[in-house]
Every structure is written in C-alpha cells, then in structure tokens.
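Model the placement of chain B on the given structure of chain A, informed by the hints.
2 protein chains.
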Amino acid sequence: MKIGFIGLGIMGKPMAANLSKAGHQLVVYDVVPDRMADALAKGAERGSSPADVASRCDLVITMLPNSPHVKEAALGAHGIAEGARRGSVLVDMSSIAPAVSREVAGALAAKGMEMLDAPVSGGEPKAVDGTLAIMVGGNAGVFEKVKPVLLAMGSSAVLCGPIGSGNVTKLANQIIVALNIAAMSEALVLATKAGVNPETVFDAVKGGLAGSTVLNAKAPMVLAGNFKPGFRIELHIKDLQNALDTAH
Amino acid sequence: MKIGFIGLGIMGKPMAANLSKAGHQLVVYDVVPDRMADALAKGAERGSSPADVASRCDLVITMLPNSPHVKEAALGAHGIAEGARRGSVLVDMSSIAPAVSREVAGALAAKGMEMLDAPVSGGEPKAVDGTLAIMVGGNAGVFEKVKPVLLAMGSSAVLCGPIGSGNVTKLANQIIVALNIAAMSEALVLATKAGVNPETVFDAVKGGLAGSTVLNAKAPMVLAGNFKPGFRIELHIKDLQNALDTAH
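Protein sequences appear in the order of chains A and B. If you're matching positions, the first sequence starts at 40 in my numbering and goes up one per residue. If you're matching positions, the second sequence starts at 40 in my numbering and goes up one per residue.
Note that these hints are calculated values from the structure, not bench results. Only a predicted model underlies this, so the values are computations on that prediction, with no experimental measurement involved. A couple of the hints might just be wrong.
Any copy will do: because identical chains look the same in the list, a pair fits if it lies in one copy or spans two.
List of simulated lysine-lysine pairs, DSBU-like, C-alpha gap at most 30 Å [said to hold, decoys possible]:
1) Lys184 <-> Lys232
2) Lys257 <-> Lys277
3) Lys267 <-> Lys41
4) Lys267 <-> Lys245
5) Lys110 <-> Lys81
6) Lys245 <-> Lys257
Isolated chain A, as found in the complex (with noise of 0.2 Å):
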C-alpha cells in the first residue's frame, strides 16, 4: 500500500522504515529537510507538503510532537485537509490531546477523511525493534483495516474507543510512568540523605506493594549512577500538561 508519512524524528524514522521493511511504499514529509533523508535513501517518495502527501495517499500517518503540529499538519496551509482523498484515512500516531484529535478528525470528515488517533508506548527502542504498544480511538471497521499496517510498527494495537480515546489511554498510562518515577526518586534520595544504602531500600521494598515495573527498570540505573534517559522531561510535562488540560 502507498502510505504517506509526516513527521520523521526520533520515533518516526524508524517507524517509517519498518513500514518499507513490510513491503509498503512510502511518501514522506518533515519541515526539516534533512529528516527525510532516511527514508529516501529506503526508496520512499518526498512528499512536498502535508497536502501533497494527502493527495497521492489512501493512507497518511503522521508522527509529530505536540498538538500544534498535528493541527498545523492537518488543518494549516498546504495541511492534510487541503489534498485530501475522499476515503482517504489519517492514523495520528503522535501523542496529543485528546480533545485535539476530535477536533482534527471533525474537519477532516467534512473534507471526506476518517481519522483514527493511535499514539505508541515504549519509545525509541521499541520504535526500531517495530514493537511499540500501540492505543487506537477511532471507528471500529476503519481499525480493523489499517491494523496489518499499525502491527508493521507495533506488537500490539488495541481499539479503545471512539476518537480521542487512544490518547486518553496514553494519558492515563503517562500519568502513572510519571508519578511512579518521581515516586521512585523522591524515595531513593530521601532515604540516601537520611543516610540509608538506597540499594538496601530497593532490596527490601521491591518485592511488597511497593514494586513496579518503573521500579524493577530505573532503580538498578540510578543505584548503578547511570542517568541516561529513556524519554525526555520535557515530554512528560507536555504529556502531564496534556492530562491536566483534558481533565479541565
């Protein structure tokens, strides 16, 4: 299938090449040129627009920052909704409000445009190994049809409700990672000033309610002095700004 991708930074690029892995043939745009140096070198297409793209797609799938560059991407000058195809299908892959992905997919279904938002849990790693988790909104038969695509990505792609509900659920999940790491910090740093060995607090805490995943993955990194990290904070503030917002 021809599939038009916008957006390839850090989680779209590998996203976009496990699409050509799978056999599909891409036509791809990012504002910053260079991004989409990748996938050309992948055999894919460039796209001299979001509009361009839409209107040589049946299938757009975008993969960008925030809110506002959904919105710019699908609604702005030369967006989406000024090529789209009648039929035609937008995935949103970024995560964004919830509120936002209906909007979007309000003006597009007047252009004749479904829209699905479908934003990813676990990252780059999993973004390369084509493993990502992958929360769906949108209509069911719509879904249905674009999953083989979304599991080219993915290991996983669950309908959670209508549109807006796949970000609801990445909200809802970003909530508890944030809150279970600052949990995690603020104990290990309480307990290593009161002068405690923060590896015996890990030893004896683990195992009981206090265990998590965040836990099991991020206290052995920080024991070790190893401070790399697996998302930015900057992220988990939009993403948080984005909970508070949608619960207003």
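Positioned in the frame of chain A, the structure of chain B alone reads:
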C-alpha cells in the same frame, strides 16, 4: 522468652497472638484496657503501665500509631525508661519519624537499654498470618539476638542500617506505595471521565512501564466498585508527613 508487648490495636493484637503461639510468655499493656482482652485470654500477664512491663521483661515490643505515642510510652510518666532493666531491649515496631527513633534510643541508652526500630509492611492480613516484612534499624548484635522473635511475626526481617534506618526504609516504601495508588487513581478517573472504559485502560497499560504491584492489586478492586480500604488514609498522610519532616 518473657516479652513485653505495648499497643494491642489492629496490628499489635495479631502480632502478640503470634508471639503467644510461638511459645513466648507475654506481659501486655494498652492505654485502652479492653484491647488487652484477647491477649489475656491467650494467657498473657497484665501490665499496669509501660514502666511495669519494662521492669518485668528483658525484651519489650511497642506497636503504636505514631511518634508522639512512642515517645510518651518510652519516655513519659510511668514510661518504659522508668522501669527499664539494664541490658534489656526495646523493639519499636511502630511506623514513626526516624528522628524520634534516634531520640528515644538515645534516652534509653542512658538507662542501659538498647533499642531497634523495626516497622513493618503488609497490613493487618499479614500481621494475622505472621508474614509481615520487617525493616530494622540498630545494632547488628542486638538484631541477631531478637531476630528469631521477629520472625514469629514476619516472613522477613532485614537490618537496613543504624537506629532509625528501619523507619527511613519504611518511609521510602510508603512514598512509593501512596504515590503509586494516587497515580493509578488519577489515571483511571481521567480515563473514565473522558469517556474511555477504565477496564480497557487497565488492560492496555498494565503490561508496559505503567505496570505495578499497586495496579495489579488495586485496579481490579476499583473496577469492581470495591473500595474496601486496605489501609487508612490518615495513616498514609501520617507517613507522608513523617517523610516530609524527615526530608526537612
């Protein structure tokens, strides 16, 4: 061994029962006389005050709500310090501020009494089963001496460092548990209010980085509408206040 046991509330009562069951002769005391009924029925001797209990035993255990209660029982009028035998041991199993553990230990040392802080994790069910996790601070030689007694009440007893270290470890545990519960709650409420089935969210996130013992233990209860508490919110607040005080 003849053991003094002060504080026969929700936790202390089953812990004392497990010591009786293990063959220890108890001398018990509680400010609320009715709370001693179960222990007396099981053959314990009645103490008339913490001082009286301490004067009759080489090992005294306290299980009280918070720092002020421990300070009063140990150092107040008719307190443990007044009756303390030289070379005897106080094991305070209450969850209190580590600074108070150190203060009480210092005052008792002047009377020739050793002290361990040994707060527990696991709640009433594990107190009944004798499978508490016991986190200990204090002298290693004293710890080894009383460890068999501790293991009549718990499935593990770990020396975490000098006096106060048990409570530091417990506070680290409580920070993680309380915040993980709060994170799960916020995530499920947000999803529900945003129109997504919280069961779908639980299924979507539990296998990823959001997974935790709290999520596995508590989310199914929440989803079933079962809000029977496993711990009192006032005690969570007490623990977090002790964490803040310790941090300051």
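Checked hints:
For the homomeric pair Lys184 and Lys232, the shortest alpha-carbon distance between copies (29 Å) is at most 30 Å, but the shortest distance inside one copy (55 Å) is not. Taking identical chains as interchangeable, the C-alpha atoms of Lys257 and Lys277 lie at most 30 Å apart whether they share a chain (21 Å) or sit on different chains (27 Å). Neither within a single protomer nor between protomers do Lys267 and Lys41 lie at most 30 Å apart by alpha-carbon distance, with minima of 37 Å and 54 Å respectively. In this assembly of identical chains, the alpha carbons of Lys267 and Lys245 lie at most 30 Å apart whether taken from the same copy (22 Å) or from different copies (24 Å).
In the homo-oligomer, the alpha carbons of Lys110 and Lys81 lie at most 30 Å apart inside one protomer (28 Å), although the nearest pairing across protomers, at 72 Å, exceeds that limit. Taking identical chains as interchangeable, the C-alpha atoms of Lys245 and Lys257 lie at most 30 Å apart whether they share a chain (12 Å) or sit on different chains (17 Å).
Checked against the numbered hints listed earlier, the structure breaks hint 3 alone; every other hint is satisfied.
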